[in-house]
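What follows is the residue order along each chain.
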Amino acid sequence: MIERKDVEHVARLARLALTDAEIEKMREQLNGILAYIEKLNALPTEGVEPTSHAVPMVNVMRDDAPGACLPRDEALANAPDRAGEFFRVPRIIED
Amino acid sequence: MGAERAGDRAERGTRAGGRSPGAREFEIIIGLEVHAELTTRTKMFCGCPTTFGASPNTQTCPVCLGMPGTLPVINRRAIEYGVRTALAFNCRINTACRFARKHYYYPDMPKNFQISQYEEPLAEDGWLEIDVDGATRRIGIQRLHMEEDVGKLVHDGTLETAQSSRVDFNRAGVPLMETVSKPELRSPEEAAAYLKAFRSVLVYLGVCDGNMEEGSLRCDANISLRRPGAELGTKVEIKNLNSFRNVQRALEFEVKRQAQALEAGETIVQETRLFDADKGYTRSMRSKEYAHDYRYFPEPDLVPLKLEGAFVDDIRRALPELARQQQQRFVSQYGLPAYDAGVLTQSRALAEYFETATKALGGASPSAAHAKSVANWMMSELLRVVAGDDDRAIAESPIPPAHLAGLIALIDDGTISGKIAKDVFEKMRHSREDARTIVQREGLTQVADTGALAAIVDQVIAANPKAIADFKAGKTAAAKSLVGQVMKATQGKANPAIANKLIEEKLARL
Amino acid sequence: MADLTRLTAHELTEAYGSGAATPSSVTEAYLGRINALDGKVRAYLTVTPDLARQAAAASDARYRAGKPLGPLDGVPISYKDVLSTRGVATTCGSRILATWVPPFDATVVTRLAAAGVVPLGKSNMDEFAMGSSTEHSAFQLTANPWDLSRVPGGSSGGPAAAVAGDLAAISLGTDTGGSIRQPGAFCGIVGLKPTYGRVSRYGLVAFASSLDQIGPFAKDVRDAALVLGAIAGVDPADATSVDVPVPDYTAGFAQGVKGLRVGILEYDRAGMDPDVERAVSDAIDVLKGLGATTRAVTLPTADYGLAAYYIIAPAEASSNLARYDGVKYGLRAPGKDLIEMESRTRAAGFGAEVKRRIMLGTYALSAGYYDAYYGKAQKVRTLIRRDFEAAFENVDVIVGPTTPGVAFKHGEKEDPLAMYLNDIFTVPANLSGNPGISVPCGFSTTGLPIGLHLVGRAFDEATILRVAHAYEQATTWRTRRPELS
Chain A
1 MIERKDVEHV
11 ARLARLALTD
21 AEIEKMREQL
31 NGILAYIEKL
41 NALPTEGVEP
51 TSHAVPMVNV
61 MRDDAPGACL
71 PRDEALANAP
81 DRAGEFFRVP
91 RIIED
Chain B
1 MGAERAGDRA
11 ERGTRAGGRS
21 PGAREFEIII
31 GLEVHAELTT
41 RTKMFCGCPT
51 TFGASPNTQT
61 CPVCLGMPGT
71 LPVINRRAIE
81 YGVRTALAFN
91 CRINTACRFA
101 RKHYYYPDMP
111 KNFQISQYEE
121 PLAEDGWLEI
131 DVDGATRRIG
141 IQRLHMEEDV
151 GKLVHDGTLE
161 TAQSSRVDFN
171 RAGVPLMETV
181 SKPELRSPEE
191 AAAYLKAFRS
201 VLVYLGVCDG
211 NMEEGSLRCD
221 ANISLRRPGA
231 ELGTKVEIKN
241 LNSFRNVQRA
251 LEFEVKRQAQ
261 ALEAGETIVQ
271 ETRLFDADKG
281 YTRSMRSKEY
291 AHDYRYFPEP
301 DLVPLKLEGA
311 FVDDIRRALP
321 ELARQQQQRF
331 VSQYGLPAYD
341 AGVLTQSRAL
351 AEYFETATKA
361 LGGASPSAAH
371 AKSVANWMMS
381 ELLRVVAGDD
391 DRAIAESPIP
401 PAHLAGLIAL
411 IDDGTISGKI
421 AKDVFEKMRH
431 SREDARTIVQ
441 REGLTQVADT
451 GALAAIVDQV
461 IAANPKAIAD
471 FKAGKTAAAK
481 SLVGQVMKAT
491 QGKANPAIAN
501 KLIEEKLARL
Chain C
1 MADLTRLTAH
11 ELTEAYGSGA
21 ATPSSVTEAY
31 LGRINALDGK
41 VRAYLTVTPD
51 LARQAAAASD
61 ARYRAGKPLG
71 PLDGVPISYK
81 DVLSTRGVAT
91 TCGSRILATW
101 VPPFDATVVT
111 RLAAAGVVPL
121 GKSNMDEFAM
131 GSSTEHSAFQ
141 LTANPWDLSR
151 VPGGSSGGPA
161 AAVAGDLAAI
171 SLGTDTGGSI
181 RQPGAFCGIV
191 GLKPTYGRVS
201 RYGLVAFASS
211 LDQIGPFAKD
221 VRDAALVLGA
231 IAGVDPADAT
241 SVDVPVPDYT
251 AGFAQGVKGL
261 RVGILEYDRA
271 GMDPDVERAV
281 SDAIDVLKGL
291 GATTRAVTLP
301 TADYGLAAYY
311 IIAPAEASSN
321 LARYDGVKYG
331 LRAPGKDLIE
341 MESRTRAAGF
351 GAEVKRRIML
361 GTYALSAGYY
371 DAYYGKAQKV
381 RTLIRRDFEA
391 AFENVDVIVG
401 PTTPGVAFKH
411 GEKEDPLAMY
421 LNDIFTVPAN
431 LSGNPGISVP
441 CGFSTTGLPI
451 GLHLVGRAFD
461 EATILRVAHA
471 YEQATTWRTR
481 RPELS
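Chains as they are written, first to last, in our numbering: chain A, 1 to 95; chain B, 1 to 510; chain C, 1 to 485.
In case anyone wonders, no lab produced these hints; they're calculated from the structure. Computed from a predicted structure; not experimentally measured. For each residue, glycine too, the CB sits at the ideal point set by N, CA and C. Warning: the hint list may mix true and false statements.
What the hints assert, rightly or not - Heads up, simulated DSS-like pairs for lysine-lysine below, C-alpha to C-alpha not over 30 Å straight-line: (1) C:413 / A:39; (2) A:5 / B:102; (3) B:279 / B:359; (4) A:5 / C:409; (5) B:359 / B:422; (6) B:359 / B:152; (7) B:102 / C:409; (8) B:466 / B:419; (9) B:235 / B:182; (10) C:67 / A:25; (11) B:279 / B:235; (12) B:506 / B:475; (13) B:152 / C:336; (14) A:25 / C:409; (15) B:359 / B:372; (16) B:196 / B:239; (17) B:427 / B:372; (18) B:306 / B:279; (19) B:419 / B:488; (20) B:480 / B:466; (21) A:5 / C:336; (22) B:475 / B:493; (23) B:239 / C:336; (24) B:506 / B:427; (25) B:102 / A:39; (26) B:102 / B:306; (27) B:493 / B:359; (28) A:25 / C:413; (29) B:419 / B:372; (30) B:427 / B:475; (31) B:472 / B:422; (32) B:488 / B:466; (33) B:427 / B:466.
What the hints assert, rightly or not - Only some residues are given here: those of chain A computed to face chain C with a beta carbon under 10 Å: (34) 18; (35) 33; (36) 77.
Whole structure, please, built from the sequences with the hints as guidance.
Here it is as structure tokens:
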């Protein structure tokens, strides 16, 4: 079902660098799991509404009232690369 | 180089009077996608402030930074603003709408997904009227939905050469309203008109400040060309359009570029292009053929919205009159010319100023003359002093509506002349006093006493024999110079109409 | 010293009230025991002795003044390391968050602090809560106190082992597919998953947003009820938390189970450990003896629950874990550009099970597959909900085994699918949102604990707690302790 190129494509979508060996192992394991999941096809679901939320609630919203901000140092405290007031990242090339 | 010349040619073509050669053979199909930052106090999903220009990363919290374990909660006012806007654009409000996650990796997006709306947006199928070349056209609005804005990237260099970039998350999470027009705009001019009208509605509604330089309103365009009767052409997306003029310029360039390519038998590449405002051309940014797989699914951390009943009705009832309606009303109710009405409705504040001043002058049912006086004074004098689309400046104007009305009233009842009034206006502007106070203090009341004026007229006639001679010789303009002398002798305070009449009478008897 | 650490929370607070013990003395006892024995169990990733002593001292003062905060004041607790604790490392068992220190507390942590608990530390787990054995932790292997060569279950293996091994009086875990109930069963303690929306998820590092719930591990049912009472309730910071009143969950205990209708779950017996079958069957007899009526109950769609779960959970996880990219926090691997940095960071920071689920989830959500997988699974959820609703027309609680077998040996279940099958009984309640509890109901012939699973109506934790309590009080399983020294 899933082929090597599918694994590579999904890995790129998910930003996961996989080795060749990992790609092959992943392909096997994913196919195994998907084969198990196939059993869902035996269950008729036409006309059944999907459940996104276990409890059917609507309209949960908040007032447009200010909350506490983090001081900048706390916001940046865990930054892997802090550049003064900013988070810094390596050069961005278009996908 | 070639591109530059094409850009120049496009500009010259426009200046030469409108339709570029490409447009003649091709149908132009344009759609605009507008993102508007809402003027709520706080962000879409957390309580951080939305004010522009704060020091980097000082308006953030664990939620809008996408820290592990955090959850979004919808800002009710943002939804109200969305509904308000949707109603103003005559959209159908979707009773059931929900948020969805839109996935892609980019460092300005903390969670690497944006909470947006996909299959169930807030509203659909509306329209906006625009006026181009004296004709009114109705442009369809496909959909309007809510989402969160992303942070700001500062590249350490240009996007092409930078080895690193820096991220400021202050803007991440600000409520964003995305509106997609139907592809019904048929020229770059119409596109600019649409954007202008669109912005005006949002500013009138008070949901967005419309500040394109600060990025409160951002626009992307989609444009394709086709020969009449042929299949739809390939759509090209243009980004980075930050003014009405640039929207028009960018699209004019695109029309030229695509027309030339099509004429030469080339295919148009489906892609995203960036507009370079300095050079006046668009350039390729990335190929849209590799379309993002956004992997949309309903946002599990938010429950759906059911927009109906009192919630929507209350918003509908509170909708303010929009510029277009006000403009039409100013014509029908006050008898103003369309041009005047257009100028005076460029902002809600200016329109309110006009009505307040007119009613202060003429009472509950002011006459057309009252309205026109106010309009004239606003257009020629007030708008020199205050920007017509600056709500705050108008509200804080040194000459409030009642004072303007007072000034005009003094002219109408003959207390001062129109010319003196202009001086008084300047004084009012600096001292913030009302007209009557200034006139009385400085003795600017015009001289209307016929007897006193008659004496002065005699003096002037006696002192200007050459003018009399010219007049007798048929140069009627000489009379004007005599009136001018009377005005001078009275330091401008003579009632011009009376002075005129007296001069005429005296001259007639000579 | 051993006695103090054996006591339940309610026994402790009673002792505090009478002056027979103090929070500080109990805290020292626990810290000493952790020092002596956690090297074998490895339940804890981070121990916080200073914070514990501070909280204990404050609690001492309140008891001296005769003003305790409530039934949990001075009770030592361990938090699964997926719960945000301000200023204290919160790793989620993952290398990618090894250095992450949150600047905020989870709502449940705030509420329990306000109740006066003594925080002993953060406990081990399967990475990002994905697993059923805690073998997928990036840091250490937690051992089952009953047999150190065996797993404690997962993903909340650390907090379960802590309570089972008397290394904490109570603990908090999280349950997305069974991750409280299954370790509760494997470790011979009480493990409760509340109704979805009963307890705020703010501060719980998300795995599967529509399934995750926080719940207590405890030495007895009363303790579990007390903890639930302290953490339950709507939270404005969690839009999926439900505004339903929080009752006194112990109020119904005296009522017992007379007249209560117990549904006996029918299931496929293939692959079941016979000891588990026997223990569950005996437990049902005890309930009958206590006056409950029983009838068979089927959940026809429940068989498909695991398959639906293994689409929904990985899909939501792939989305929730997208944020770990080395930009704002956590691990960053070197890379010549952003994409390379992100891909290498995630490759180095995530373990094999997490990668597997991210890949599966990304695939399930990708263009063209949504309807076939995620869309389909969400419909199966609806069918499972309907099954429960239909069953609860005729019964008040559904009982069955918590797991197909008892705690297995480390390394025994290498095949991912074999591991997933551990959750077959627990998963349906996550999909439907119903509350579930595992209560000890016996031991295998090899001396390993077995759990009885009870599922109740939405927001009716009171009934499953009542039934569990009645059963517990009619048996003596809780008096048997692992030999850990």
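The hints, checked one at a time:
1. Distance hint between residue 413 (chain C) and residue 39 (chain A) is fulfilled; the C-alpha atoms sit about 22 Å from each other, no more than 30 Å.
2. Pair hint residue 5 (chain A) plus residue 102 (chain B) holds up; C-alpha atoms about 24 Å apart against a cutoff of 30 Å.
3. As the CA atoms of residue 279 (chain B) and residue 359 (chain B) are separated by approximately 50 Å, the hinted pair breaks the 30 Å bound.
4. With a CA separation close to 36 Å, the supplied pair residue 5 (chain A) and residue 409 (chain C) exceeds the 30 Å bound.
5. The straight-line distance between the Cα atoms of residue 359 (chain B) and residue 422 (chain B) is roughly 21 Å, inside the 30 Å bound, and the hint therefore holds.
6. Note on residue 359 (chain B) and residue 152 (chain B): the hinted pairing is violated, with a Cα-Cα distance of about 47 Å set against a maximum of 30 Å.
7. Pair hint residue 102 (chain B) plus residue 409 (chain C) does not hold up; C-alpha atoms about 42 Å apart against a cutoff of 30 Å.
8. Proximity of residue 466 (chain B) to residue 419 (chain B) is assessed by CA-CA distance (about 27 Å); at most 30 Å being required, the pair is judged to hold.
9. Of the supplied pair hints, the one linking residue 235 (chain B) and residue 182 (chain B) holds, its CA atoms being roughly 13 Å apart against a limit of 30 Å.
10. Distance hint between residue 67 (chain C) and residue 25 (chain A) is unfulfilled; the C-alpha atoms sit about 60 Å from each other, more than 30 Å.
11. In summary, the hint linking residue 279 (chain B) to residue 235 (chain B) is supported, as the alpha carbons are separated by about 23 Å, within the 30 Å threshold.
12. Of the pairs offered as hints, the one joining residue 506 (chain B) and residue 475 (chain B) holds, with about 16 Å between alpha carbons and a cut-off of 30 Å not exceeded.
13. Pair hint residue 152 (chain B) plus residue 336 (chain C) holds up; C-alpha atoms about 22 Å apart against a cutoff of 30 Å.
14. Proximity of residue 25 (chain A) to residue 409 (chain C) is assessed by CA-CA distance (about 24 Å); at most 30 Å being required, the pair is judged to hold.
15. Restraint check: the Cα-Cα separation between residue 359 (chain B) and residue 372 (chain B) comes to about 12 Å, which is no more than 30 Å; the hinted pair holds.
16. A hinted pair counts as satisfied when its Cα atoms are at most 30 Å apart, and residue 196 (chain B) with residue 239 (chain B) qualifies at roughly 17 Å.
17. Of the supplied pair hints, the one linking residue 427 (chain B) and residue 372 (chain B) holds, its CA atoms being roughly 23 Å apart against a limit of 30 Å.
18. Restraint check for residue 306 (chain B) and residue 279 (chain B): the C-alpha separation of about 48 Å exceeds 30 Å, so the hint is violated.
19. This hinted pair checks out: residue 419 (chain B) and residue 488 (chain B) have alpha carbons roughly 12 Å apart, not beyond 30 Å.
20. A distance of roughly 13 Å separates the Cα atoms of residue 480 (chain B) and residue 466 (chain B); the hinted pair therefore holds under the 30 Å criterion.
21. Restraint check for residue 5 (chain A) and residue 336 (chain C): the C-alpha separation of about 24 Å stays at or below 30 Å, so the hint holds.
22. Pair hint residue 475 (chain B) plus residue 493 (chain B) holds up; C-alpha atoms about 26 Å apart against a cutoff of 30 Å.
23. Simply put, residue 239 (chain B) and residue 336 (chain C) have alpha-carbon atoms about 28 Å apart, close enough for the 30 Å limit, and the pair holds.
24. With a CA separation close to 36 Å, the supplied pair residue 506 (chain B) and residue 427 (chain B) exceeds the 30 Å bound.
25. A distance of roughly 29 Å separates the Cα atoms of residue 102 (chain B) and residue 39 (chain A); the hinted pair therefore holds under the 30 Å criterion.
26. For the proposed pair residue 102 (chain B) and residue 306 (chain B), the alpha carbon gap of about 21 Å is at most 30 Å, so the pair holds.
27. With a CA separation close to 28 Å, the supplied pair residue 493 (chain B) and residue 359 (chain B) stays within the 30 Å bound.
28. Restraint check for residue 25 (chain A) and residue 413 (chain C): satisfied, since their Cα atoms lie roughly 17 Å apart, inside the 30 Å limit.
29. For the hint linking residue 419 (chain B) to residue 372 (chain B), the alpha-carbon distance of about 18 Å falls within 30 Å, and the restraint holds.
30. Simply put, residue 427 (chain B) and residue 475 (chain B) have alpha-carbon atoms about 38 Å apart, too far for the 30 Å limit, and the pair is violated.
31. Between residue 472 (chain B) and residue 422 (chain B), the direct Cα distance comes to roughly 34 Å. Violation of the 30 Å bound is thereby established for this hinted pair.
32. Proximity of residue 488 (chain B) to residue 466 (chain B) is assessed by CA-CA distance (about 18 Å); at most 30 Å being required, the pair is judged to hold.
33. In summary, the hint linking residue 427 (chain B) to residue 466 (chain B) is not supported, as the alpha carbons are separated by about 37 Å, beyond the 30 Å threshold.
34. Among the interface hints, the one on residue 18 (chain A) holds; its C-beta lies about 7 Å from the nearest C-beta in chain C, closer than the 10 Å criterion.
35. Look at residue 33 (chain A): its Cβ gets to within about 6 Å of chain C, closer than 10 Å, so that hint holds up.
36. Taking 10 Å as the C-beta cut-off, the interface hint given for residue 77 (chain A) holds, the closest approach to chain C being about 7 Å.
The structure does not agree with the numbered hints 3, 4, 6, 7, 10, 18, 24, 30, 31 and 33 stated previously, though it agrees with the rest.
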